[in-house]
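Single-letter residue listing:
Number of protein chains: 2
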Amino acid sequence: MHKKLFIPGPTEVRREVLEAQAKWMIGHRMNEFSELFYSVTEKVKKALGTKNHVFIFTSSATGVMEGTLRNVVEKKFLSTICGAFSERWYKIGLANGKEGDVIEVEWGKAIKPDMIEEKLKTGKYEAVLVTYNETSTGVMNPLKEIGEMMKNYPDVLLLVDAVSAMMGAPIKPEEWGIDVVFASVQKAFALPPGLTVTVVSEKAIEKAKKVKNRGYYFDFLGMLKKYEEKHQTPATPAVSLLYAMDYQMDRILEEGVEARYKRHAVMAEFTRKWALKHGFEMFPEKGYESPTVSTIKNTKGFSVKDLNKELAKRGYAISNGYGKLKEQTFRIGHMGDVTLFELKELLWHIEEIWNLK
Amino acid sequence: MHKKLFIPGPTEVRREVLEAQAKWMIGHRMNEFSELFYSVTEKVKKALGTKNHVFIFTSSATGVMEGTLRNVVEKKFLSTICGAFSERWYKIGLANGKEGDVIEVEWGKAIKPDMIEEKLKTGKYEAVLVTYNETSTGVMNPLKEIGEMMKNYPDVLLLVDAVSAMMGAPIKPEEWGIDVVFASVQKAFALPPGLTVTVVSEKAIEKAKKVKNRGYYFDFLGMLKKYEEKHQTPATPAVSLLYAMDYQMDRILEEGVEARYKRHAVMAEFTRKWALKHGFEMFPEKGYESPTVSTIKNTKGFSVKDLNKELAKRGYAISNGYGKLKEQTFRIGHMGDVTLFELKELLWHIEEIWNLK
Numbered sequence: 012m013h014k015k016l017f018i019p020g021p022t023e024v025r026r027e028v029l030e031a032q033a034k035w036m037i038g039h040r041m042n043e044f045s046e047l048f049y050s051v052t053e054k055v056k057k058a059l060g061t062k063n064h065v066f067i068f069t070s071s072a073t074g075v076m077e078g079t080l081r082n083v084v085e086k087k088f089l090s091t092i093c094g095a096f097s098e099r100w101y102k103i104g105l106a107n108g109k110e111g112d113v114i115e116v117e118w119g120k121a122i123k124p125d126m127i128e129e130k131l132k133t134g135k136y137e138a139v140l141v142t143y144n145e146t147s148t149g150v151m152n153p154l155k156e157i158g159e160m161m162k163n164y165p166d167v168l169l170l171v172d173a174v175s176a177m178m179g180a181p182i183k184p185e186e187w188g189i190d191v192v193f194a195s196v197q198k199a200f201a202l203p204p205g206l207t208v209t210v211v212s213e214k215a216i217e218k219a220k221k222v223k224n225r226g227y228y229f230d231f232l233g234m235l236k237k238y239e240e241k242h243q244t245p246a247t248p249a250v251s252l253l254y255a256m257d258y259q260m261d262r263i264l265e266e267g268v269e270a271r272y273k274r275h276a277v278m279a280e281f282t283r284k285w286a287l288k289h290g291f292e293m294f295p296e297k298g299y300e301s302p303t304v305s306t307i308k309n310t311k312g313f314s315v316k317d318l319n320k321e322l323a324k325r326g327y328a329i330s331n332g333y334g335k336l337k338e339q340t341f342r343i344g345h346m347g348d349v350t351l352f353e354l355k356e357l358l359w360h361i362e363e364i365w366n367l368k
Numbered sequence: 012m013h014k015k016l017f018i019p020g021p022t023e024v025r026r027e028v029l030e031a032q033a034k035w036m037i038g039h040r041m042n043e044f045s046e047l048f049y050s051v052t053e054k055v056k057k058a059l060g061t062k063n064h065v066f067i068f069t070s071s072a073t074g075v076m077e078g079t080l081r082n083v084v085e086k087k088f089l090s091t092i093c094g095a096f097s098e099r100w101y102k103i104g105l106a107n108g109k110e111g112d113v114i115e116v117e118w119g120k121a122i123k124p125d126m127i128e129e130k131l132k133t134g135k136y137e138a139v140l141v142t143y144n145e146t147s148t149g150v151m152n153p154l155k156e157i158g159e160m161m162k163n164y165p166d167v168l169l170l171v172d173a174v175s176a177m178m179g180a181p182i183k184p185e186e187w188g189i190d191v192v193f194a195s196v197q198k199a200f201a202l203p204p205g206l207t208v209t210v211v212s213e214k215a216i217e218k219a220k221k222v223k224n225r226g227y228y229f230d231f232l233g234m235l236k237k238y239e240e241k242h243q244t245p246a247t248p249a250v251s252l253l254y255a256m257d258y259q260m261d262r263i264l265e266e267g268v269e270a271r272y273k274r275h276a277v278m279a280e281f282t283r284k285w286a287l288k289h290g291f292e293m294f295p296e297k298g299y300e301s302p303t304v305s306t307i308k309n310t311k312g313f314s315v316k317d318l319n320k321e322l323a324k325r326g327y328a329i330s331n332g333y334g335k336l337k338e339q340t341f342r343i344g345h346m347g348d349v350t351l352f353e354l355k356e357l358l359w360h361i362e363e364i365w366n367l368k
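Read top to bottom, the protein sequences are chains D and W. All residue numbers for the first sequence refer to this note's numbering, where the first residue is 12 and numbers rise by one. All residue numbers for the second sequence refer to this note's numbering, where the first residue is 12 and numbers rise by one.
Accuracy of the hints is not assured; some may be wrong.
In this list, chains with the same sequence are indistinguishable; a pair is considered to hold if it fits within one copy or across any two.
[Stated by the list, open to error] Straight-line Cα separation of at most 20 Å, EDC-like style, residue types lysine to aspartate or glutamate; simulated pairs: (1) LYS320 - GLU46; (2) LYS86 - GLU186; (3) LYS337 - GLU240; (4) LYS34 - ASP257; (5) LYS109 - GLU85; (6) LYS120 - GLU280; (7) LYS62 - ASP317; (8) LYS223 - GLU110; (9) LYS183 - GLU117; (10) LYS223 - GLU85; (11) LYS320 - GLU43; (12) LYS236 - GLU98.
Hints were generated in silico from the structure; no laboratory data involved.
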């Protein structure tokens, strides 16, 4: 049975988008491919309103988390840890032989610009890593404000994991001073997983030119060269996923990104009100709740596992809390193409299963 | 217009396989995914007759070329260069800060066991890199014989790029003493690109445990842990491509791998005879011609570019020579699911366009 996905990724993909994958295969060195890849790339630039470089890697975002550090950090970075994925990024840095210092807040809290600025004053860092939307806790960090603050530190790069945010919440690479920002497409893009969009500033490109052992598969300079030469990629890309992405980018542009961000904000607000009305509490610090995934405290001690089993029978899936938050919280993803009506339908089922008044 | 692909990858993918991608999306932490991933992985093991570990990465093989070196080579490897892709692998090693020595033969020639053995006697190497089927020249290197010879050097790992070979030609990981062998699925698997199958011996796993800075995305130990725990992957995999792969592995097992290898050998032999009959010559050294891609010397000085333009109108695509071999050779890929009948049809069109007697 098809379960509609209200998990924080992969998200629900529309039938016509799934079917767009099934076009006949083409060669990645043929003109047809260059046209396709150019089309997808330019549509992403248009949606984000950016003139920065856009690279689309065949990998999950985890690969690009690694690639970003290998491209632009020679030695020392500053991590901001507020959940499982920001912690993963830090560990990836260490697994690649880089040195990292850490700002860490309790899960559920947000990273504030002044926390970062205090560390930056030491002058020790080449880059700051920020997780825009921490999928494990449902916290959205104040990226715009962090970017503003970092304009006082022009030698330090701002690197952003926007995995569960891009296309669901505003991101302005140039205006906010973001040097690298990436997101996999199985979240708010509402596409099947396997591709990661990466937006790279000229400053980051210049930095990469000075970094040794950048590796090959995620090398920004290799991607740039091949794109500029022929609108192609150095290695064979996932052509069928790009078919679906080209189709979906048209749908996103047709909705309009501002309308899309608004839809996400409305769904998030509806979910929060629903949670409070039924006596739950929000897990994130007030004012920093994510517009794409709501993490709700399981204050009533229900079994989230049993809830999901019952929802499965009715054709839905939500997520339990992440890692140590399992059963203490539950997460409802409302991102991608799902509508407020579909969300209301899901919440109605939860009310019925848990017998909420 | 749909062009049937006789290029050396991506290869033609059957309509029903393309459509298998379009199933509803599932979460990669749901039981449905574990079942899917286990199913695909075990079918690959069955097809290869191996008990070694099988990891399926979401990336092109280029990523795993890099990952393999990062996993199991601390310092020094020996490359065997006989074309563009074996050279790429060497460069990837250097781009990751490893040291590499090189055995190099003229393009079109094969790598022989004694060339490698001479170097191995120095005792300087942790691993030998062999490209089983060099896609740029159409040469198949004698992997089985290389593996036999290397049994005298048990401390040296044998790492194999089998990109345009796996599922089109025999590979026996244990019997031939191969420690790592990988292939992307858009070649003889006849699938859309985006996944890379990697077969890893216990010896390679033990070596990886001693290597630092293995990285994260392509880390064998991370893949092993997550597979053994839950039949899952550390990062989000390309679910829709795995749907197609699960379906296609059934088709491959139904044909039978021996029959599949035989079909490839028959198509290759037919193509060689056709080439010679029409006054062309084969580019590869005699006895080392690839069963999956035939590289033919353009002894008549026809325009390969124009041929492909005309073939395009008739619904076919072949490949020009690779890099410096452009227009000096042309390449006909006969791998994956294409049949001898389809190949004959293609060759008939070439005869007609070039007015061959």
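Checked hints:
1. Taking the shortest alpha-carbon separations for LYS320 and GLU46, only the inter-copy value of 17 Å comes in at or below 20 Å, while the best intra-copy value is 45 Å.
2. For a Cα distance limit of 20 Å, the shortest separation of LYS86 from GLU186 qualifies neither inside one copy, at 27 Å, nor across copies, at 43 Å.
3. Only between protomers do LYS337 and GLU240 lie at most 20 Å apart by alpha-carbon distance; the minimum there is 18 Å, versus 48 Å within a single protomer.
4. In this assembly of identical chains, the alpha carbons of LYS34 and ASP257 lie at most 20 Å apart whether taken from the same copy (12 Å) or from different copies (19 Å).
5. Proximity of LYS109 and GLU85 under a CA criterion of 20 Å is satisfied in both settings, with 7 Å inside one chain copy and 17 Å between copies.
6. In the homo-oligomer, the alpha carbons of LYS120 and GLU280 lie at most 20 Å apart inside one protomer (19 Å), although the nearest pairing across protomers, at 66 Å, exceeds that limit.
7. Within a single copy, LYS62 and ASP317 get their C-alpha atoms no closer than 48 Å, and across copies no closer than 37 Å, so neither meets the 20 Å cut-off.
8. For a Cα distance limit of 20 Å, the shortest separation of LYS223 from GLU110 qualifies both inside one copy, at 15 Å, and across copies, at 14 Å.
9. Taking CA atoms no more than 20 Å apart as the test, LYS183 paired with GLU117 passes in neither setting, with 27 Å inside one copy and 51 Å between copies.
10. In this assembly of identical chains, the alpha carbons of LYS223 and GLU85 lie at most 20 Å apart whether taken from the same copy (7 Å) or from different copies (17 Å).
11. Taking the shortest Cα distances, LYS320 and GLU43 sit within 20 Å of each other only across copies (13 Å), while inside one copy they are farther apart (45 Å).
12. For the homomeric pair LYS236 and GLU98, the shortest alpha-carbon distance between copies (19 Å) is at most 20 Å, but the shortest distance inside one copy (32 Å) is not.
This entry does not satisfy hints 2, 7, 9, going by the numbered hints stated previously.
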